[in-house]
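Colleague: Sequence:
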Amino acid sequence: VALRVEHNNVLLDYLREQLSLLRNLSSTNQSSLAELIAALEAEISEYRHKLAHTEEEMKAHERASADRIASLDAEIADRDEVILSMVMSLSNISDDVSAN
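Quick note: to get our numbering, add 5 to the position in the sequence shown (first position is 1).
Hints were generated in silico from the structure; no laboratory data involved.
Using N, Cα and C, we set each Cβ at its ideal position, and we do this for glycine too.
Check each hint, because a few of them may be wrong.
[What the hints assert, rightly or not] If you anchor each label on the Cβ, the simulated ranges turn out as follows:
1) D85 x L16: 46 to 54 Å
2) L26 x A57: 19 to 27 Å
3) R84 x Y19: 25 to 33 Å
4) K55 x M93: 53 to 61 Å
5) L77 x S99: 31 to 39 Å
6) A39 x L16: 21 to 29 Å
Can you build the whole structure from these sequences, using the hints too?
Modeller: Written out as structure tokens, the structure reads:
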């Protein structure tokens, strides 16, 4: 997703450059051309905003996933300690039974 967002941002930059070139090349001040350029620029800005929002959502999901993985890892570590304690207790009981 991050690569796609980056790729789309590159394409949007390219479109902006092309619009700028078109504006500079346009020697006539046709209102329809100016309106088209303005509409395209607005659409590019809106799409860039949507991409930024998508990227932020993706990062939030990645952070949430990392937090959940850390939480699960902590739970497993706690269980490891309990299991190790049970093994030690069983070993002590076994030693006591063997001694008697």
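Colleague: Indicate, hint by hint, whether the structure satisfies it.
Modeller: Hint by hint, here is what the structure shows:
1. D85 x L16: 46 to 54 Å: At 49 Å between Cβs, range holds.
2. L26 x A57: 19 to 27 Å: 25 Å, holds
3. R84 x Y19: 25 to 33 Å: 53 Å, violated
4. K55 x M93: 53 to 61 Å: 57 Å, holds
5. L77 x S99: 31 to 39 Å: 32 Å, holds
6. A39 x L16: 21 to 29 Å: Holds, at about 23 Å.
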